[in-house]
Amino acid sequence: MEKSKWIEMYRTMRLIRLIEQRINDEYKFDEIKTPIHLSIGQEAVAAGVCIHLRKDDYVFGTHRSHAQYIAKGGDIKKMIAELYLRKTGCAYGRGGSMHLVDPDVGILGSSAIVGGNIPLGTGTALASKILKNDRVTVVFFGDGAADEGTFHESLNFASLKKLPVVYVCENNFYAINSHQLSRQVGDNIYKWAQNYGMPGYRIDGNDVLEVSDYAEKAISRCRNGEGPTLIECLTYRWKGHIGTVDDVGDGYRPKEEYDYWVSRCPIKRFSEYLINMGVLNSELIESIDREIYSLIEEAFNFAQNSPKPSPSELLDYVYADHTG
Amino acid sequence: MEKSKWIEMYRTMRLIRLIEQRINDEYKFDEIKTPIHLSIGQEAVAAGVCIHLRKDDYVFGTHRSHAQYIAKGGDIKKMIAELYLRKTGCAYGRGGSMHLVDPDVGILGSSAIVGGNIPLGTGTALASKILKNDRVTVVFFGDGAADEGTFHESLNFASLKKLPVVYVCENNFYAINSHQLSRQVGDNIYKWAQNYGMPGYRIDGNDVLEVSDYAEKAISRCRNGEGPTLIECLTYRWKGHIGTVDDVGDGYRPKEEYDYWVSRCPIKRFSEYLINMGVLNSELIESIDREIYSLIEEAFNFAQNSPKPSPSELLDYVYADHTG
Amino acid sequence: MPWTTIQVEKLDNFFIMGDSTGNRVLTYREALHEAFDQSLARDPRVFIMGEGVDDAAGIFGTTKGLKEKYGADRVFDTPISENSLTGIAAGAAMAGLRPILIHARMDFMLLSFDQLVNHASKWCYMFGGKVTVPMVVRTISARGWGSGAQHSQCIQGMLMNVPGLKIVAPATPYDAKGLMVSAIIDSSPVLFVEHRWLHKTTGHVPEELYSIPIGKGVIRREGREITIVAVSYMLVEALKAAEKLQDAGISAEVVDLRSLKPMDENIIVESVAKTGRLLIADTGCKTGSAASEIAAVAAEKAFHLLKKPIRRVCCPDTPTPTSDVLEKAYYPTAEDIFKEAVNLVIE
Amino acid sequence: MPWTTIQVEKLDNFFIMGDSTGNRVLTYREALHEAFDQSLARDPRVFIMGEGVDDAAGIFGTTKGLKEKYGADRVFDTPISENSLTGIAAGAAMAGLRPILIHARMDFMLLSFDQLVNHASKWCYMFGGKVTVPMVVRTISARGWGSGAQHSQCIQGMLMNVPGLKIVAPATPYDAKGLMVSAIIDSSPVLFVEHRWLHKTTGHVPEELYSIPIGKGVIRREGREITIVAVSYMLVEALKAAEKLQDAGISAEVVDLRSLKPMDENIIVESVAKTGRLLIADTGCKTGSAASEIAAVAAEKAFHLLKKPIRRVCCPDTPTPTSDVLEKAYYPTAEDIFKEAVNLVIE
Ligand SMILES: Cc1ncc(C[n+]2csc(CCOP(=O)(O)OP(=O)(O)O)c2C)c(N)n1
Ligand SMILES: Cc1ncc(C[n+]2csc(CCOP(=O)(O)OP(=O)(O)O)c2C)c(N)n1
Ligand SMILES: [Mg+2]
Ligand SMILES: [Mg+2]
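Residue numbers (numbering that gives the first Met the number 0), protein chains in the order written: chain A, 0 to 323; chain B, 0 to 323; chain C, 0 to 346; chain D, 0 to 346.
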């Protein structure tokens, strides 16, 4: 991988982190009137995967999909405007944080139903196969989604038809407050791949280079018509499941666990590595952050000053308005 | 296993075979006005498993569940009457062949929705655990059911809660006309068990002794609170998927495949073995058959001479008529 | 765009029982087969998936030979995984294809409500029309011969509560072909509700490709004293009943909605304006049925035109019994329609 | 049988807004918690399962502390596998237990229609009462604050089409407790439909265990000129509207059905006999809603008592928008009921 890509991944992670921190900060003003699920701490997964995707490749996210939207190149202004439920939002304010969309870059909409996006992404991959193009689909989902039958049904179908899809499980160990081990027998999500006749890996989801390596292989397998891959990325969310509250200690997640994962911050680790490699230095860090801050500022300004949808739009788009 | 049990299993298989052959013969008279799915060729599975079950253990069957009903000790007269949709049938004529029931011997009803009975049997096993009794549940299902999400969701749940349930997959390679390999990646149903942290075996479903051995182990694991087991029994149905037609050759199942499996008839194999072991001889064979034929005769007489339900019963039993 | 060349049939040309122009006679089954065949030929984006669609039986003959003709990439068998199949079809539709997903029994569709209701039907609205889901879910309900509680349901009533889903339920071969074509070219998810007892119905069907507007009903028989709105197969029973009513000196008008959602409310109101009486015959269980919705619409919009209470002739609110005797008591027939109609008209 | 000792509250003792005898005030949430607590204490067959039921949040507080009190065998968290969970609960019920399965959002229940509709609801009928399924499916629908299309559905209308399933939708704390108890002691599957906006509603709730008959409605407010039948949370809006109507000189009667299936048809007919006008307020999308069914029943059974068309006040037939502005336009309120009622009464 060229060094420019390293910087690009670093920038993507910073962009996710800083946008989400800003969202976190703004949330208390109650202008973002919709549930949010932050990916702070999990940035390496989206960044490491999407670096290898083309604009016309597809991704499908979940309720927690800011990171993927950003990493895939979704329009930031439209994303923030969507969180503010403005007419200028990517879904015109009718989706909100859990339902981001940007078809121009292959983001066909995220689903807030656990496991719900896995069949959809399998379906776009089926389309690639039928259309004989080489567009790849990546489906991002949580450890919770592996509880659902759709996970299995979809992996089976994809492998059977050798579809160009990469299943990326962001295993942050929790579904709301429920630990993986109280929902699943063992911690073996990646192993399902084996029975489905596809490669399956468990990797360090906080190591963007590792994520990138495995994603690259999986994506090129797809492009070569060799079928799907399952990648389980171990990672951790820093914030509570929903909103901006914390959920550490006292009947919730153990403080030590939390501290351990914060110490393994994917951005800190990668920036240290890049500095060691002489690719990054404090000037570059600052200039990247400056650029990001101004982008964020612009996006929030845009969003906050955008008009809300009008009640007269309520009945629009129930059906597609054309035949084809 | 004592030799008396061998004879019991032999008799059960003969009973299934001869009842189904009689059903097959009677079907053309169009008095059995409901779809039937025959298990001829697959008798060893039900016989080998149910020999180890107590009366108060539970079984759940599918659309193809005559064999399990018989092997578990379901009332034969009520079964045939049910096929004839008589008021004396086990479900008073409102179930038919696909919906057999006999709560007295733990048959709580079979489902004609593929994969539909797997959660139900997992649920009775959950009840055993909560009630702290040692009743075991066996769920019988086909290879087709392993396509459904309920298969995975249920196995996960059962293993997580260490439930006393044995999942018996009767893999006859086909779901209607669709071969397993056109629906599943590889032929690895039993392997799923591994990831679910339970024992999983693929065995010769036409060898009743092998079935019995594995079932015995699995059932005693359940009784000892050691949790579920998955047993995949390779077997083959001789008749077409539904009704009494054949589906061999000409766009359907290959003749050679069919011939091979008929040559491995579970009853022939076991009777040869029993004769070799000196446990069975032609006299005993004849006397068992005689007893069975008279039982069948009686059942069909009973059924054919039973009254049909009356239209006035139509609205009964929509709801349970009591609180408790 | 291949579809722009399709001849859109005018409703005015439409006569009773699939009696279109021309005199080429097809069964409902053949009409559907032709719709698939011509649609696959016409538009490379169309494909058919479902359990058993490529086997020798070919979904009651309706998909027979299509795999051989169009290849296994476009007509293929699937695992038995209804929920994911629905999502997979929806995803393919989002990527620009036009999938036809087949459930050989309506009952199996109940496994797929998550993908059908939470996803496919809502997607266009949720994303402001930026992503559309032009898919057809074709589903067949059956009746009789001991199908039993899990192989005979008619749940179209339930599905009317789903925003974003169009529902058609053609009763004639002509409509079957035309509405299947409409369903395929529509860019919204369309549920195509079919009744197995209609498969052998015959009627006039033009050879060329045509479509019938979704949401437009048709008068199958003119009458003055009572309006019978019939859903799907109940049209056949309604027409028989109307014949009998005529013998009894009662003039019944029979309305075939053809589409359940959007619904042709005008045709109901206009007919009731003439007759003053409304009977609705549906194939599903009464409570929460399509008939309930039709009755509600009439009670809102045609109230002052009605002289008598509305009547619903439906299956009772029980699962389907398997027994032939109970089935006979369970399913409403022309006789039931006739009796209720007589009550309404004579008092 | 522990249940025979339950004091079955007579409807006659019931007053407006959960105003039962006694003056102990609880919230709807607390009333439910108490129903669970007392039912778990009373009957060892009762258990609670569902995603997050044992966590610190405890389903909006309604199950908080119950695991600690009754053990992890009787109050437990589950994998996110709604369809199988429903079948597992049904199986446990078949084996004699009395499971309460909780879906924190009604939307998630759509994943479980196979087990709920094809299995749990049909089992008793299919097997002639030999095997019963005494389970409660408790499901909560929400509204507002950007819940969006997949976290806010009210699909009780859809479920009315399911034979074998009872549906209750209590609106007051008193009814919440009493109907939860009834749902638990009922030997049929009962869907307990709850609206999150009711959680903070308060009312008088007796401490002892009591049950309220399923299928019995109640008049919440007497009136002469128009009947407003309200479903679930819409009762609150209806009562507000009735107040406003009174100020405008219009006397509205408010009927709370409490149960949707079986439905108290008499209370509707009797009220319409008094008022001659019927408005139905439901929390779901209009087409195929509970309101549609109520309208159909009235159009059949109370037609000659009606002076005016029936009106349904429901959500429009669109998925739920996330935008606060669109939400406001989407959800019907007391204002909408008021306006429609005025139209009906004044002309
Ligand atoms: C079908 C369904 N069931 C339950 C929920 C409620 N729910 C929302 S998020 C969530 C946890 C998801 O956990 P995971 O998949 O690991 O994703 P994470 O939140 O950890 O990113 C649950 C159970 C839902 N949205 N959909
Ligand atoms: C959910 C569902 N989908 C489809 C069907 C139609 N169907 C009936 S039997 C069957 C094949 C089942 O195959 P398998 O599970 O292997 O059992 P077998 O018939 O071979 O015993 C299918 C697809 C069904 N009954 N239920
Ligand atoms: Mg997680
Ligand atoms: Mg099979």
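There's no promise every hint is true.
Listed below are the simulated SDA-like cross-link pairs for lysine to any residue, each with C-alpha atoms no more than 25 Å apart in a straight line [unchecked claim]: (1) A:K86 / D:G143; (2) C:K66 / B:K307; (3) D:K63 / A:P34; (4) B:K161 / D:Q37; (5) B:K307 / C:D72; (6) D:K199 / A:V244; (7) B:K128 / D:R142; (8) A:K254 / D:D54; (9) D:K63 / A:I175; (10) A:K27 / D:R142; (11) C:K66 / A:E225; (12) D:K307 / C:G95; (13) A:K131 / C:D72; (14) B:K27 / C:D323; (15) A:K76 / A:D249; (16) A:K131 / C:R142; (17) B:K54 / D:V130; (18) D:K327 / A:Q193; (19) D:K243 / D:K307; (20) C:K68 / B:G248.
Please keep in mind that the hints were generated in silico from the structure rather than gathered at the bench.
Can you name, in rising order, the numbers of the hints this structure does not satisfy?
2, 4, 5, 7, 12, 15, 16 and 18
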